[in-house]
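A.B. asks: With the hints as constraints, model all of the structure from the sequences given.
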Amino acid sequence: MAPASEAFKGRSGARTFAVWDPLVRLVHWCLALAILLNGAILDGDSPLHEIVGYMAFALVATRVVWGLIGTGPARFAAFPPNPAAALRHLRLMVCGKGPVHLSHNPLGALMAYNIWATVLVLVATGYLMGTLRFFGSKWLEEAHEMAFNWLLVSVALHICGVAFDSWRTRVALVPAMITGRKTVPGDRSVQ
Amino acid sequence: MTSLNFPKNANERRAFTLAAIILLQALCAFFFVGDVFVDMTEGGHLDDIHMALEALAALALICGVIYLMLELRQLLRRFSSMATGLRAARGEMTQLIDSFFDSWDLTPSERDVALLVLKGFDNEDIARLRGTAAGTVRAQTAKIYSKANVEGRSHLFSIFMEELFSDHLGEGGKMAKAGGNV
Ligand code: HEM
Ligand code: HEM
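If you read the protein sequences in the order shown, they are chains A and B.
So the first sequence is numbered by the UniProt record's numbering: it starts at 1 and just counts up by one.
So the second sequence is numbered by the UniProt record's numbering: it starts at 1 and just counts up by one.
Rather than coming from a laboratory, the hints here were simulated on the basis of the structure.
C-beta: ideal position from N, C-alpha, C; glycine also.
Be a bit skeptical, because a hint or two may be false.
[Unchecked claim] Here are some of the chain B residues that sit facing chain A, going by a computed Cβ distance under 7 Å:
| hint | residue |
| --- | --- |
| 1 | Phe16 |
| 2 | Ala19 |
| 3 | Leu23 |
| 4 | Ala26 |
| 5 | Leu27 |
| 6 | Met69 |
| 7 | Arg73 |
[What the hints assert, rightly or not] Just some of the chain B residues that point at chain A, by a computed CB distance under 10 Å:
| hint | residue |
| --- | --- |
| 8 | Glu12 |
| 9 | Leu18 |
| 10 | Ala20 |
| 11 | Ile22 |
| 12 | Phe31 |
| 13 | Gly34 |
| 14 | Thr41 |
| 15 | Cys63 |
| 16 | Ile66 |
| 17 | Leu70 |
| 18 | Leu72 |
| 19 | Ala83 |
[Unchecked claim] Computed list of chain A residues with no C-beta within reach of chain B, every gap over 10 Å:
| hint | residue |
| --- | --- |
| 20 | Pro83 |
| 21 | Val100 |
| 22 | Ala143 |
C.D. replies: Set out below in structure tokens:
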């Protein structure tokens with residue numbers, strides 16, 4: 001996969017790659033904010049909850065379109081959902097080896113798809129709850145809450161995964177999601 | 001260095017602004033589409049002029065979003081090839097300077113001084129930077145000019161500027177050998 005920008009060597013042999021374009025970063029942090037708002041601050045019955053929930057849907061939809069036509073590392077083709085590769089990656093991680101991935105690593109890729117899908121389930125159940133047909137339906141309410149609990153677990157795992165991988169590969173992943181650039185130590189190969 | 005960083009930051013600002021507009025427009029598009037969808041489920045029809053206009057607006061917004069996304073991708077691609085080109089040019093400039101210095105048989109300390117001259121430092125600055133006497137630097141620069149067969153600082157610059165403006169920069173080390181007999 002071609003990085004968005006070629007590498008150049010810093011003084012210590014570390015290489016810097018432009019990976020996350022501004023649209024990926026904006027969508028990421030807006031989605032995190034929307035989930036924080038709806039999960040922790042806005043009550044389920046407030047009209048703002050609905051609006052923020054639909055905004056989360058629009059964010060995911062935008063990201064999906066960008067995953068089809070966007071820049072290199074943002075494309076789904078750069079991080080295909082591949083459970084076998086994720087298992088291989090897990091094994092490499094345990095041995096402390098493996099290349100640094102410029103896009104998501106195979107495990108992180110699965111988590112990204114999982115989070116997007118969960119948000120879609122939340123919005124779908126939220127929407128249906130408000131329709132005449134399903135109004136007052138208990139199981140939809142429960143499905144909405146269960147999806148939210150699953151999202152909480154996922155986000156917790158996501159943040160732990162980011163922290164662990166930053167420590168393991170010595171690539172500062174969180175700054176990369178802010179500035180867009182990953183700096184890879186000289187002794188690591190890149191994929 | 002700072003002057004080279006500036007356009008990069010301006011470019012980043014441009015890309016960021018475009019991305020923010022894309023996102024805002026995508027949110028609007030979604031709400032328009034949702035509105036049309038709700039109206040339809042509530043018995044609205046596209047032959048109603050109001051509905052038709054709304055549907056058209058929704059379609060236009062979606063087309064706009066996709067078009068701007070393609071623009072953003074184009075913009076980012078251009079920035080990255082500009083950055084690559086700049087780095088290549090920088091690398092070639094270093095190569096060029098090295099090969100001129102080789103052909104003039106500069107000693108290691110003369111190379112340092114010559115490089116600082118090219119970077120625009122005057123003799124006092126160079127003396128301070130290298131921790132030597134100003135007289136030493138003056139002697140070194142005189143030696144450099146005589147080895148390079150130039151009359152002074154601006155003539156030395158002109159050798160490199162000439163290489164930059166002639167079109168064989170870009171053909172690797174060739175121009176350096178050609179320039180060696182200046
Ligand atoms: C509700 C909160 C969050 C959600 C729903 C979320 C979701 C996601 C998703 C879907 C991706 C994939 C991005 C893409 O390809 O567009 C991602 C990537 C990422 N997120 Fe989050 N995130 C959340 C919070 C955070 C937080 C708090 C941090 C920082 C500590 C963080 C750091 C990152 C990083 C560094 C990546 C890129 C990982 C990589 O390099 O492969 N996220 N996140
Ligand atoms: C990112 C998307 C969403 C998240 C994270 C989310 C989260 C939650 C949570 C945590 C609750 C239960 C807590 C509470 O009642 O305050 C809840 C309830 C609710 N949500 Fe959402 N939600 C999302 C999207 C939506 C959408 C799009 C709609 C509707 C269009 C919606 C409609 C509702 C309703 C009606 C309730 C109240 C259900 C009840 O009384 O138990 N939600 N949501």
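A.B. asks: With reference to the structure, classify each hint as holding or not holding.
C.D. replies: Going down the list of hints, with the structure as the test:
Given hint, Phe16 of chain B at the interface with chain A, holds; its Cβ is 4 Å from that chain's nearest Cβ, closer than 7 Å. Against a cut-off of 7 Å between C-beta atoms, the interface hint on Ala19 of chain B holds, since the closest Cβ of chain A lies about 4 Å away. The restraint placing Leu23 of chain B at the interface with chain A holds, with a minimum CB-CB distance near 5 Å, inside the 7 Å limit. At about 4 Å, the closest approach between the beta carbon of Ala26 of chain B and any beta carbon in chain A falls short of 7 Å, and the interface hint on this residue holds.
Annotation: interface hint on Leu27 of chain B holds; nearest CB of chain A at approximately 5 Å, less than 7 Å. The interface hint given for Met69 of chain B holds, since its Cβ lies 6 Å from the closest Cβ of chain A, which is under the 7 Å cut-off. The beta carbon of Arg73 of chain B comes within 6 Å of a beta carbon in chain A, closer than 7 Å, and the hint placing it at the interface holds. Among the interface hints, the one on Glu12 of chain B holds; its C-beta lies about 8 Å from the nearest C-beta in chain A, closer than the 10 Å criterion.
This hint holds: Leu18 of chain B has a C-beta 8 Å from the nearest C-beta of chain A, less than the 10 Å allowed. The criterion of a C-beta within 10 Å of any C-beta in chain A is met by Ala20 of chain B, whose closest approach is roughly 6 Å, and the hint holds. The interface hint given for Ile22 of chain B holds, since its Cβ lies 6 Å from the closest Cβ of chain A, which is under the 10 Å cut-off. Checking Phe31 of chain B against chain A: minimum C-beta separation of about 7 Å stays under 10 Å; hint holds.
Look at Gly34 of chain B: its Cβ gets to within about 7 Å of chain A, closer than 10 Å, so that hint holds up. Of the supplied interface hints, the one on Thr41 of chain B holds, with its beta-carbon coming within about 9 Å of a beta-carbon of chain A, less than 10 Å. Evaluation of the Cys63 of chain B hint against chain A yields a violated restraint, the C-beta minimum of about 12 Å exceeding 10 Å. Annotation: interface hint on Ile66 of chain B holds; nearest CB of chain A at approximately 7 Å, less than 10 Å.
The criterion of a C-beta within 10 Å of any C-beta in chain A is met by Leu70 of chain B, whose closest approach is roughly 7 Å, and the hint holds. Interface restraint check: Leu72 of chain B against chain A, minimum CB-CB distance 6 Å, threshold 10 Å, status holds. Taking 10 Å as the C-beta cut-off, the interface hint given for Ala83 of chain B holds, the closest approach to chain A being about 6 Å. The claim that Pro83 of chain A lies off the interface holds: its Cβ sits roughly 29 Å from the closest Cβ of chain B, which is beyond the 10 Å cut-off.
Under the 10 Å C-beta cut-off, the non-interface status given to Val100 of chain A relative to chain B holds; the minimum distance is some 19 Å. The beta carbon of Ala143 of chain A sits about 21 Å from the closest Cβ of chain B, which is more than 10 Å, so the claim that it is off the interface holds.
In terms of the numbered hints stated before, the structure departs from hint 15 and from no other.
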